[in-house]
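Trainee: Build the complex: two chains, separate frames, hints provided.
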Amino acid sequence: MDKDRFSDFLWWVRQLAIASLTLFFFVEGIFVLIRAYGSDNPLVFIMLFFSSNLIILISAIGFLYPVQKVFRRLRGKDVLAVLLLLVPLLCPPAGQGAAGAIDLERTVHRYTLPNGLRLLVAERRISPTVSCYIRYKVGSVDEREEFSGTAHFLEHLLFKGTETIGTTDWSREQKLLAAVEDLSGRLDDERQRGAAADRKKIEDLEERLRALEEESALLVKANEIDRLYTESGAVALNASTGCDLTTYHVSLPANRLELWARIEADRMANAVFREFYKERQVIEEERRQTVESVPERMLTELFLETAFVSHPYRRPIIGWPSRIPFLDIRYVRDFYRTYHVPNNAVVVVVGNVDPDEVLSIVTRYFGAIPARELPPAEMAGEPAQAGERRAEYRGGANGKVIVGFHKPTLPSPDDTVFDLVDLILTGGRTSRLHRILVEEKAIASSVESGSSFPGVRYPNLFVFFASPRAPHGTAELETALLEELERLRREPVSDREIEKAKNIYRAQLLREMSSNEGFASLLSYFEIVAGDFRYLSKQLEAMEKVTPDDIRRAAAVYFVEKNRTVAVLNGKEAP
Amino acid sequence: MKKPALLLCLVSFLLLSCRPALLQPPGDLPSPPLEVRIPSLDKTVLANGITLYHLEDGELPLVSVSVLIGAGSAFDPKGKEGVAELTGGLLRTGGTLGMASAALDEELDFMAAEVNVEVEREVTWMGASFLKEDFARGLYLLSRMIQEPAFEKEKFALAKNLKRDALLRIPDNPSRLAFREFFGILYGDDPRGRLETMSSVEGIRREDLVRFYESSFFPGNVRIAVTGDIDAKDALKQVEQAFGSWRRQGSIPVLPLPKPHGEGVYLLRKDLPQSVIVTGQIVSGSLDEDHYAFEVLDFILGSGGFRSRIFGRVRNTLGLAYSAGSFYVPRGGYGVFAAYAMTKSGATARVAGEIAVILKQSGIQLMEGEEIDWAKESLVNQFVFSLSSVGKIARQQMLIDYQELPGDYLSRYRENIRRVTAEDVERASRSRLGLGDDLPMLVLGDDSAFDGSLDVFGPVRVIQATGLQEKE
Numbered sequence: 001m002d003k004d005r006f007s008d009f010l011w012w013v014r015q016l017a018i019a020s021l022t023l024f025f026f027v028e029g030i031f032v033l034i035r036a037y038g039s040d041n042p043l044v045f046i047m048l049f050f051s052s053n054l055i056i057l058i059s060a061i062g063f064l065y066p067v068q069k070v071f072r073r074l075r076g077k078d079v080l081a082v083l084l085l086l087v088p089l090l091c092p093p094a095g096q097g098a099a100g101a102i103d104l105e106r107t108v109h110r111y112t113l114p115n116g117l118r119l120l121v122a123e124r125r126i127s128p129t130v131s132c133y134i135r136y137k138v139g140s141v142d143e144r145e146e147f148s149g150t151a152h153f154l155e156h157l158l159f160k161g162t163e164t165i166g167t168t169d170w171s172r173e174q175k176l177l178a179a180v181e182d183l184s185g186r187l188d189d190e191r192q193r194g195a196a197a198d199r200k201k202i203e204d205l206e207e208r209l210r211a212l213e214e215e216s217a218l219l220v221k222a223n224e225i226d227r228l229y230t231e232s233g234a235v236a237l238n239a240s241t242g243c244d245l246t247t248y249h250v251s252l253p254a255n256r257l258e259l260w261a262r263i264e265a266d267r268m269a270n271a272v273f274r275e276f277y278k279e280r281q282v283i284e285e286e287r288r289q290t291v292e293s294v295p296e297r298m299l300t301e302l303f304l305e306t307a308f309v310s311h312p313y314r315r316p317i318i319g320w321p322s323r324i325p326f327l328d329i330r331y332v333r334d335f336y337r338t339y340h341v342p343n344n345a346v347v348v349v350v351g352n353v354d355p356d357e358v359l360s361i362v363t364r365y366f367g368a369i370p371a372r373e374l375p376p377a378e379m380a381g382e383p384a385q386a387g388e389r390r391a392e393y394r395g396g397a398n399g400k401v402i403v404g405f406h407k408p409t410l411p412s413p414d415d416t417v418f419d420l421v422d423l424i425l426t427g428g429r430t431s432r433l434h435r436i437l438v439e440e441k442a443i444a445s446s447v448e449s450g451s452s453f454p455g456v457r458y459p460n461l462f463v464f465f466a467s468p469r470a471p472h473g474t475a476e477l478e479t480a481l482l483e484e485l486e487r488l489r490r491e492p493v494s495d496r497e498i499e500k501a502k503n504i505y506r507a508q509l510l511r512e513m514s515s516n517e518g519f520a521s522l523l524s525y526f527e528i529v530a531g532d533f534r535y536l537s538k539q540l541e542a543m544e545k546v547t548p549d550d551i552r553r554a555a556a557v558y559f560v561e562k563n564r565t566v567a568v569l570n571g572k573e574a575p
Numbered sequence: 001m002k003k004p005a006l007l008l009c010l011v012s013f014l015l016l017s018c019r020p021a022l023l024q025p026p027g028d029l030p031s032p033p034l035e036v037r038i039p040s041l042d043k044t045v046l047a048n049g050i051t052l053y054h055l056e057d058g059e060l061p062l063v064s065v066s067v068l069i070g071a072g073s074a075f076d077p078k079g080k081e082g083v084a085e086l087t088g089g090l091l092r093t094g095g096t097l098g099m100a101s102a103a104l105d106e107e108l109d110f111m112a113a114e115v116n117v118e119v120e121r122e123v124t125w126m127g128a129s130f131l132k133e134d135f136a137r138g139l140y141l142l143s144r145m146i147q148e149p150a151f152e153k154e155k156f157a158l159a160k161n162l163k164r165d166a167l168l169r170i171p172d173n174p175s176r177l178a179f180r181e182f183f184g185i186l187y188g189d190d191p192r193g194r195l196e197t198m199s200s201v202e203g204i205r206r207e208d209l210v211r212f213y214e215s216s217f218f219p220g221n222v223r224i225a226v227t228g229d230i231d232a233k234d235a236l237k238q239v240e241q242a243f244g245s246w247r248r249q250g251s252i253p254v255l256p257l258p259k260p261h262g263e264g265v266y267l268l269r270k271d272l273p274q275s276v277i278v279t280g281q282i283v284s285g286s287l288d289e290d291h292y293a294f295e296v297l298d299f300i301l302g303s304g305g306f307r308s309r310i311f312g313r314v315r316n317t318l319g320l321a322y323s324a325g326s327f328y329v330p331r332g333g334y335g336v337f338a339a340y341a342m343t344k345s346g347a348t349a350r351v352a353g354e355i356a357v358i359l360k361q362s363g364i365q366l367m368e369g370e371e372i373d374w375a376k377e378s379l380v381n382q383f384v385f386s387l388s389s390v391g392k393i394a395r396q397q398m399l400i401d402y403q404e405l406p407g408d409y410l411s412r413y414r415e416n417i418r419r420v421t422a423e424d425v426e427r428a429s430r431s432r433l434g435l436g437d438d439l440p441m442l443v444l445g446d447d448s449a450f451d452g453s454l455d456v457f458g459p460v461r462v463i464q465a466t467g468l469q470e471k472e
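Chains P and R are the protein sequences, given in the same order. Numbering of the first sequence is given in the numbering used here, commencing with residue 1 and proceeding in unit increments. Numbering of the second sequence is given in the numbering used here, commencing with residue 1 and proceeding in unit increments.
Source of the hints: derived by calculation from the structure; they are not laboratory data. A hint or two may mislead.
Within a straight-line C-alpha distance of at most 25 Å, the following computed DSS-like cross-link-like pairs (lysine-lysine) qualify [claimed, not checked]: (1) P:Lys441 x R:Lys132; (2) R:Lys132 x P:Lys69; (3) P:Lys69 x R:Lys163; (4) R:Lys160 x P:Lys441; (5) P:Lys538 x R:Lys132.
One chain only, chain R, in its complex shape (with noise of 0.2 Å):
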């Protein structure tokens, strides 16, 4: 007994030393076949109008919410941008009608349960996250938040402070200041492109809270999904029980489609070491034909890690960024794409024509088939990722059918990627980006250090920030 195994071991060990594992080409690995099985959620619409998700996973004993409405900032009255920020805000810190806003927020602290909600410019979402043991008692709080929010006026009037101090603190954070301009430019006078300033939350009255509420929350605009360890039948029973008494008809207006816009450079001057350079339009949606073809072109752009062009050219080949690449944020009928770079003030112009170059070189130039089948390849292959916990799953779904994409978006969305052709690529950047000209481009920084005028691209206009200082 005891040689055959000495033998094995010694067999083992020369097997083992005499391959040489760290010399083999690593695009030679075996990567054995991967079952990507796309879960089927349970859905379910209530007798009032809500859309219930569901999927259970039962790891660990959490139960997660997410709300989805849909009506966001873009909905804003005019001259009172701010509203639906406070609402949703609101929502969580002010109260309901049965219970005050302290012993609430007691209450759920003291189960440890995370609530919040994130205002964006078309949707709203509210999270929570409830351990197993009390999600009947959170679920039914969340639901009075939702169906009977009290907008204490103490908690409306921190939340108007709170809010203007936060926008007096946008500028120390460069940034976040240029993409908040940049996207005011860009969407024009969609109201998509409204921002919010010091002076229209200040004439923000709780009375305009409770009108935005009344006109955007009801149960036909609103999507539950609940998921985590809870079966399909007990959540559809506790979802009835605490929202399926909530009445209400409303309507929703139908927000057209923002168009491309802008033109020309737009100079915020500020006293900083660096520079940040925006640019970027209004593209082709989920929707849109071409809407594969401009996945793979942002991915070779700028989005697709340190091999895309942006990324590569900017920051590996020159050293000029920490931080460049783009980004494509497809949402229904439309798309923002925008690209951008953060460099000295001494290398502004030259940072903003390399980015001009490669956007412009992506509509004529012939892109290299390994460029494509790198990008296409890369999408594919993380697309399993979109499925990597329930509640994204869930909250991809709830999404996908709120922009009424086709039911098999996601099942799909890996043959519709792998058909995408260079040309395909080609044509989505001319027809959508032009040639890189007529794109707005916003530079935020110090023009008294920068390497070389920015007239080159296009007429440069000075702004200011909208509307973040305080009112003498």
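Next up, chain P with everything else stripped away, as it sits in the complex (with noise of 0.2 Å):
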């Protein structure tokens, strides 16, 4: 690489040179020429003005001839190519290169708007798309217990239009929505008694829902956001909701970034509800689909359960299935309001886009929405774990067994650390776990690990998913991979284990950047959750730094019996 450099360097300074003398002849042609009409003496002029014409026209091709070399090179690669062709050659290469060359500061233009919202920008050439990616602080964690599912239905929600998408007549709807809100809220207090409710009245409010809806439904352009989107040729629209975060993200051709703005600012500031009710029932269909029919899911929410007893961490981010039927849209609404506002949020546009015009479309489109003062995140904490905890769930499918560990979350030297245990235990054919459990015992088909679980605003867990391979059992498999970490503990890991794993989390890195999709996630994921962007090149300084003694010392920290929590799953009969 350092030879490609030098030869790179070696033809830039040709070109260069080339180009310089060829000018200061094309410019000495030209005061030949001036002084040709100087002269009396017709003789020397013919002489001058023909010898000039010579030089001028000869320096001009030689001229062209570099230019035309390095215009060549040029085109295809754009401004970060050069970049990163220069950089390297004015600064000696800092360690292993490549995720060192990348720019981040020069890459990506970082902007905050007057009422808070924060804009990053990175401009890129691979084609004519943009990737757009929202991101709001708040996920499940900020629910409270009773309404717990709530920022998963809100996501929901806002995909239901506003008040100038997704209706014919806002000013009737909006009348007929509030009778619709007022009815289904009686219905679900009747409905709330169980075994004590009213089957007449329930009938009844039924009915005259299922009317009401009807009513409303003509007034409706249902899924016109979707429909906007999709025609002008989106791809990836979506959004999902974590237990830290809800994220929005689409990617368009670069031509229809201001459609984009136009939506994504209207449904932050004016969303409206719209059928709410049918929605609900489409919850409890995802939460079948994705829970209830999968047996690892199902063990997934006994593991948080039990690892966690007090923090919201505990709880499933699509809400607990006694409680969805009964999402309240008051609260919803509350929610909505609370924490769906600039000040809370981060807009990132990664792609074939011009930085200034994408500020000022945004600050067009965004800039107008009040900041709101944030609720102080009254957070109940985790008591300190004094003893391992342990869960089973029987179901008919195969095993499986969850490990999980208590750690501290980011800005914690710790979590770095962690990052770098996660791709030494699991990342790759020839990491720890994968090597002895799958393939010398070969009592696993599979495991994987994760350093920051479920979430990375709070001090989360450092987990195992591990399945083993029939015959061997759940029990089996856990004393191996204990045993592992137990290994981790007393001995170092050795100098080319630590130098594999932090060349695999640079790569990885790389390859998340070279799609827009991925930079527009990284950039911000890292923003929101971190407060910078620029958290990512600190880390990755940090990184370089960690020790094999930095994770003996954490591994003997964190990975002991009293902070851990065990989630097994097994066939219906006993094993």
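Mentor: What follows is the structure in structure tokens.
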């Protein structure tokens, strides 16, 4: 690579030398031409005139040669590529090139609007497309316990339109919606009485609700947001709700950026929760599909409930099955007005765009949305764990083991250490757990780990998900896995292992950056959870300094029995 | 100086605050013209028959390699289903003649390379991503895996055991189970419909892999794409070095095209709170005349997002599903279309009926002009995303050439979509999906909790998952 850089450097020196030499003769030729006209001797004039013309002609061609070469070299590459080319020439390569060569600060433009909205823009020329991410720092942890599932429900409802998108007559629809809301509230109240509920009253309310819904449906242009996006060629239109964050993202042809701003700003400020009653049923189906029908997802829920006692990380993001049918639209609205505000959001645009133009569009659409003071995060802290916790789920499925340990989150230096532990244990075919559990002892069919589960805004867990390979059982696998963690506490990892993990981390980052979506996702993620996307560079630097001793110390502190939670999925019969 | 600046600020502030940006109908917003350029790939056929594709993108110091091999699981010997998958997997994990798997894995992991294999029905893909500085070495290692695989015995035994475990775990994921069985039914006796089973995998020996490898892996059956931070000359030089001396002849049998197949209802019983419903048919491929009409039809039926008919009806209007829709996968001379929904047991018959009606209507009721225009406009505008990365462009082109589509397939795609009329779409639906009556339908779920009988959709057959039981 260094050799390549040097030959690149020589190439540039050569082009520059040729260009400056020919330019000198070109200017000289013009001076000679001017002097020719100054002469009163016709012979001298003719001589100077023709020789100057010759000089100008030859030097012009000579000048065009390097210009054309440079132009051809730059065509198809963009400023970033040139930067990547030049930066290493100016400063010696730091460490292992690759991710070190990415100059995030130069590539990413960062703005903050007066209302607190943060905007990051990165210009890329791969194709005439753009990826847009909006992340809000709000998730299921911010819900009140009895309304668990609200953040996710809200994310669904934000696809239902606004006062100007999705309706044919907002003023009429508004009145009907208020009536629907009132009726469904009364229906929910009655239903919640369970066995004591008045069947007759329920049927009556249902009847009236159906009629009202049908009436308001006539004023609704269903799925208008999706239609607008899809028709303009959008792909990857989706949203996700986590325990910490809510994300809305879409990729568009680059000429439709203004449509995106129009829709997103509108749904940040003026969302209308139409069709909410039906949507709540959709979420019940979502839960059946993604949790109730998949035993390992049931196990994961059980695991979190066991690992956390009081912190909201213990709650399922989608909500408890018993509470989803009663999610309250009034609380959803409160939640929306409180947290979906510009000062709680980050907007990231990556693609074939001009940063100034993006700023102007974003200012025009989002600039007028008022900031609101955010409530203090009154989070129930998690008491220190004082002994192993275990749980078992029996379902008609093959075995699975989840093991987790409490640990601090970013920006704790230990968090970075665990990112490396993650790769040393399960990153790649030669990682420790894959090699030993899947290949050598051959008792597992897969082992994965995660260094920040289920979120990052609060102290979280380092987790292992492992599947035993029949006929080996969950108990045997658990023992073998814990033995490996014990080894991590006792013996330092080799320098090569740690070097390999660092290489993989950097390369993964590069690969993620290589698509517009990946880059937008990465930038928005760190900007919202760490407060600044440049945390990424800091973390990379910190990672370079992690030593085998750091790893042994972290393992010795956190990978201990009294800090451990184990959840096991077994078949219906006793193993 | 100060005053005009102040005035300017004031005026622009007024202009800004006067302009009610949010009140403008979103449909009226300007969309400046978009220049869509299809980058031209460098394509070279090496002396030994390998076709090399190259496209440069120097933004990040990464180089990717995609290898397309024209053989997949449909070429498994009968009764030994799983051979193609194991062969593909062992190329990656089983070492090479010159290097044991452990050393190979260690070197690849240390250079943070990603190498993976994906075996499909008709083709096998190998993909690799290297840091630019490791490219030459990485490509060499990849070339050894492809040309001199060792199929180490221990790795073969491990892969077989892992394969068995993966089969045992299929029922733990209802939609995987349902789609697996559905494709088995849809393809019927066609080689593409043969499923790997516990016993077919059990019977596979290492020699079967070697035999499969020898018959399918030869230069004439291989396409390689090199994309990323590398120029054409270098790419050609490196590939020549790594693959140029590979000489082997071979021929691969031509698979007959699958035919539309199966009808009636296949009920797969499982104790679940939610049913999976899948229905579909073998339909036109990208070489067929009505290919573009089918793209539009599928978009309208179920792949065009929230507004498509199945999604709109089953999820939005009825609130009876989270996932519902359709997909269409064109493959040269034929294609596969399927519509699906997951719904609570108590709504199974209802939702199956809704889907059947939607499919039937698409062939008889005149499609609204607006809906057709929306679908065509969407497909045309989405086209630019098929060009969103150099790797994607190259893989796409390899597949186009492999399927022997016209050379201008990509450049004429949008034009061909624009030309589709409502009559074309209806005709495609009628001729390929019948009137929805003869399509096979698979339902996975707990039929004791269904809301009605499924026999209105045809004779109901109760089936078992194919070969997923451990032998007693």
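Trainee: Taking the hints in turn, state whether each one holds.
Mentor: Against the structure, the hints:
{"no.": "1", "hint": "P:Lys441 x R:Lys132", "result": "violated, 36 Å"}
{"no.": "2", "hint": "R:Lys132 x P:Lys69", "result": "holds, 24 Å"}
{"no.": "3", "hint": "P:Lys69 x R:Lys163", "result": "violated, 54 Å"}
{"no.": "4", "hint": "R:Lys160 x P:Lys441", "result": "holds, 15 Å"}
{"no.": "5", "hint": "P:Lys538 x R:Lys132", "result": "holds, 24 Å"}
Taken one by one, the earlier hints fail for this structure at numbers 1 and 3, listed in ascending order.
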